[in-house]
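Colleague: Taken in sequence, the protein lines are chains A and B.
Quick note, the first sequence lines up with residues 1 to 348 if you use full-length UniProt numbering.
Quick note, the second sequence lines up with residues 1 to 348 if you use full-length UniProt numbering.
Because the hints were derived from the structure by calculation, they are not lab data.
There could be a bad hint or two in this list.
Since the list gives no way to pick out one identical chain from another, each pair is judged satisfied if it fits inside one copy or across any two copies.
[As the list claims (entries may be wrong)] Taking lysine-lysine pairs in the BS3-like style, the calculated list, with each CA pair at most 30 Å apart, reads:
| id | residue 1 | residue 2 |
| --- | --- | --- |
| 1 | 261 | 250 |
| 2 | 39 | 268 |
| 3 | 193 | 75 |
| 4 | 190 | 150 |
| 5 | 75 | 39 |
| 6 | 292 | 76 |
| 7 | 88 | 3 |
| 8 | 116 | 190 |
| 9 | 150 | 48 |
| 10 | 250 | 3 |
| 11 | 187 | 76 |
| 12 | 292 | 187 |
In case you want the letters, here they are:
Number of protein chains: 2
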Amino acid sequence: MVKIAIDAMGGDYAPEAVIEGVEQARDLFEDTVFLLYGKRDVINQHLKNRDRIQVINADEVITMEDEPVRAVRRKKNSSIVMAATAVKDGEADAFFSAGNSGAVLAAGLFIVGRIKGIDRPGLVTALPVVRNANQSNFVMMDIGANADSKPVNLQQYAVLGTYYAERMMQAKSPRVALLNNGTEDDKGNKVHKAAFELLQQTADINFIGNVESRDLLNGVADVVVTDGFTGNAVLKSIEGTARSMLGLVKDAVYNTGVSGKLGGLLLKNGFNQIRSQMDYSQYGGAVLLGLKAPVVKTHGSSKAPTVVNTIRQIRQMVATDIVPGVAAYYANQQANQQASVDKSVEND
Amino acid sequence: MVKIAIDAMGGDYAPEAVIEGVEQARDLFEDTVFLLYGKRDVINQHLKNRDRIQVINADEVITMEDEPVRAVRRKKNSSIVMAATAVKDGEADAFFSAGNSGAVLAAGLFIVGRIKGIDRPGLVTALPVVRNANQSNFVMMDIGANADSKPVNLQQYAVLGTYYAERMMQAKSPRVALLNNGTEDDKGNKVHKAAFELLQQTADINFIGNVESRDLLNGVADVVVTDGFTGNAVLKSIEGTARSMLGLVKDAVYNTGVSGKLGGLLLKNGFNQIRSQMDYSQYGGAVLLGLKAPVVKTHGSSKAPTVVNTIRQIRQMVATDIVPGVAAYYANQQANQQASVDKSVEND
Numbered sequence: 001m002v003k004i005a006i007d008a009m010g011g012d013y014a015p016e017a018v019i020e021g022v023e024q025a026r027d028l029f030e031d032t033v034f035l036l037y038g039k040r041d042v043i044n045q046h047l048k049n050r051d052r053i054q055v056i057n058a059d060e061v062i063t064m065e066d067e068p069v070r071a072v073r074r075k076k077n078s079s080i081v082m083a084a085t086a087v088k089d090g091e092a093d094a095f096f097s098a099g100n101s102g103a104v105l106a107a108g109l110f111i112v113g114r115i116k117g118i119d120r121p122g123l124v125t126a127l128p129v130v131r132n133a134n135q136s137n138f139v140m141m142d143i144g145a146n147a148d149s150k151p152v153n154l155q156q157y158a159v160l161g162t163y164y165a166e167r168m169m170q171a172k173s174p175r176v177a178l179l180n181n182g183t184e185d186d187k188g189n190k191v192h193k194a195a196f197e198l199l200q201q202t203a204d205i206n207f208i209g210n211v212e213s214r215d216l217l218n219g220v221a222d223v224v225v226t227d228g229f230t231g232n233a234v235l236k237s238i239e240g241t242a243r244s245m246l247g248l249v250k251d252a253v254y255n256t257g258v259s260g261k262l263g264g265l266l267l268k269n270g271f272n273q274i275r276s277q278m279d280y281s282q283y284g285g286a287v288l289l290g291l292k293a294p295v296v297k298t299h300g301s302s303k304a305p306t307v308v309n310t311i312r313q314i315r316q317m318v319a320t321d322i323v324p325g326v327a328a329y330y331a332n333q334q335a336n337q338q339a340s341v342d343k344s345v346e347n348d
Numbered sequence: 001m002v003k004i005a006i007d008a009m010g011g012d013y014a015p016e017a018v019i020e021g022v023e024q025a026r027d028l029f030e031d032t033v034f035l036l037y038g039k040r041d042v043i044n045q046h047l048k049n050r051d052r053i054q055v056i057n058a059d060e061v062i063t064m065e066d067e068p069v070r071a072v073r074r075k076k077n078s079s080i081v082m083a084a085t086a087v088k089d090g091e092a093d094a095f096f097s098a099g100n101s102g103a104v105l106a107a108g109l110f111i112v113g114r115i116k117g118i119d120r121p122g123l124v125t126a127l128p129v130v131r132n133a134n135q136s137n138f139v140m141m142d143i144g145a146n147a148d149s150k151p152v153n154l155q156q157y158a159v160l161g162t163y164y165a166e167r168m169m170q171a172k173s174p175r176v177a178l179l180n181n182g183t184e185d186d187k188g189n190k191v192h193k194a195a196f197e198l199l200q201q202t203a204d205i206n207f208i209g210n211v212e213s214r215d216l217l218n219g220v221a222d223v224v225v226t227d228g229f230t231g232n233a234v235l236k237s238i239e240g241t242a243r244s245m246l247g248l249v250k251d252a253v254y255n256t257g258v259s260g261k262l263g264g265l266l267l268k269n270g271f272n273q274i275r276s277q278m279d280y281s282q283y284g285g286a287v288l289l290g291l292k293a294p295v296v297k298t299h300g301s302s303k304a305p306t307v308v309n310t311i312r313q314i315r316q317m318v319a320t321d322i323v324p325g326v327a328a329y330y331a332n333q334q335a336n337q338q339a340s341v342d343k344s345v346e347n348d
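Isolated chain A, as found in the complex:
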């Protein structure tokens, strides 16, 4: 049985959309148990069938306006803190929320805790690759957990992203690239130049060099490594531009008279396909990778289908042992370092 702790109170459509998604997922995935944290009375009003769904009362709610770190420290009885604590205590395998992003990250970091060897967990998300028969998506990391990153953080994102792409997207020896301001090896600011050097020396990743943001959607890499500030800006640029373009297409249909409307009708299926191809909530939410268990944050605007996709994603993360895989990688790195220290002592 996979046990997932869920913040029922997070997101613009909570708790209804969360509960609806959880009930749909429960009906789809027979080996999964759901721990639903939130105001018991409200949850019970909406819950149709309690089969494999356990409701745990959480008196407090962390709102979007709360200062994240302080809220996680003070609101001990909030749905986010209680769900994260269940993971820490081994009562659940993973935790997810559509609520206050900062609070979800803080709860992950301070309550669930980091894998030994990871300095800064980062947020990973899958994004679509378009017009490429050989690849349908890629992952990018960090998309915004850390506003200031050191080269070693980017190196760790590369390892974490490799595990994620291998196990979640069945990418064999995933191509890892550094998002940079040019494709040549010597490009970048200080942090990215140093990160490039580190990535070249990193064991067990398939580093292919620098890529530019212009080429991401074409499938130039499976794992795109970036600092959280740039990654956040790039992700939001892609989102905003795609939305603007879809809006322009809509205008072309509606503002060009009868012929435009007829054209739009004839192309309706094609346009719907574009919309669904660009909708990356199909891959679930953003995962804070580098923690001792999967912690997933979905868009505040998530509705039931995104909740179902996120639960599917979490089940796969648990089934493919991503966290134990990363933990073993870093334990091994440390053992190798120790061995090489021992050896150099012997040789003295």
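Please build the complex by placing chain B on the supplied structure of chain A, with the hints as guidance.
Modeller: Chain B in isolation, oriented as in the chain A frame:
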């Protein structure tokens, strides 16, 4: 008479496309003289009419493969170096090239030189605003001149961008925003938090706070201030996503049988409008602002229409005295500082 020094040898379609564009511009703008730098024999082969076009032989060419700073130092007889030198010597009012970007920037920095008070010139470009009846474009700066930026550089981009937007886009009291990882005042990494504080204290700009890249194309600001690394990534994300979306629309037309093709035909005008709306070469090239004269870099893929647009842009920059305006601003700032130092000495 406006005199423009032009690198005839830069860009994928040089010298033909450059010469063709210059001849078209010459026919359009009667008060403009063109100094065309490059291999005289080659230029003369393509030049139809020498009216107001002076050809100056440049034996060397800086290629796309040349290391920029070294090439500018060594290739004294290259079209880029000679054109920039003409500006320095007062023989021309401005300089532009579609060649090696780094070399154009280096020639601007080392030959044309900085305005007193500006630490790091930055690259500015105009980008489209879509689906907004009140605004058709905005400017973003720095889009990649400096990979590492300090808060004071971002502050100077805000001033430079304000002058550019006021005089090139007739924006009254242009809204200046900082591109950040959230809209709240306390968002950002260290550099952006410090830049926010500086922008709040900057005289004579209309700072409206932080914006996210997701909202740029909607027209949330007239001047978007960003460090060159992030700005470069965002610009290329917008470009890449727009291109991918247009590709998907094309696929929708061609891969959905007869009805799709008919739909495409009916929407042809609408699609062409989208394409031309997203094509920001209509605004000319990217300007390295902060130099003692306009230095403009256009895409390597520029053809004659972009050359014409860039010449239009340069003429307007010269006519609206952007460079003298910025120079006066910083001279005034320094005079104020001196006055306040004098006053504090008096009070002692």
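Colleague: Decide, hint by hint, whether the structure agrees.
Modeller: So, going through the hints one by one against the coordinates:
1. 261 x 250: The answer is both: 10 Å in one copy and 18 Å across copies each meet 30 Å.
2. 39 x 268: Classified as neither: same-chain Cα gap 42 Å, cross-chain 54 Å, threshold 30 Å.
3. 193 x 75: Cα proximity of residue 193 and residue 75: across copies only (28 Å, versus 42 Å in one copy).
4. 190 x 150: both (10 Å within a copy, 13 Å between copies)
5. 75 x 39: Cα proximity of residue 75 and residue 39: one copy only (14 Å, versus 73 Å across).
6. 292 x 76: Within. Shortest intra-copy distance 20 Å satisfies the 30 Å Cα cut-off; inter-copy 60 Å does not.
7. 88 x 3: Answer is within; shortest intra-copy Cα gap is 13 Å, inter-copy 71 Å.
8. 116 x 190: Intra 27 Å, inter 27 Å, cutoff 30 Å: intra and inter.
9. 150 x 48: neither (48 Å within a copy, 56 Å between copies)
10. 250 x 3: The answer is neither: 43 Å in one copy and 45 Å across copies each exceed 30 Å.
11. 187 x 76: Cα proximity of residue 187 and residue 76: across copies only (25 Å, versus 46 Å in one copy).
12. 292 x 187: Cα proximity of residue 292 and residue 187: across copies only (28 Å, versus 34 Å in one copy).
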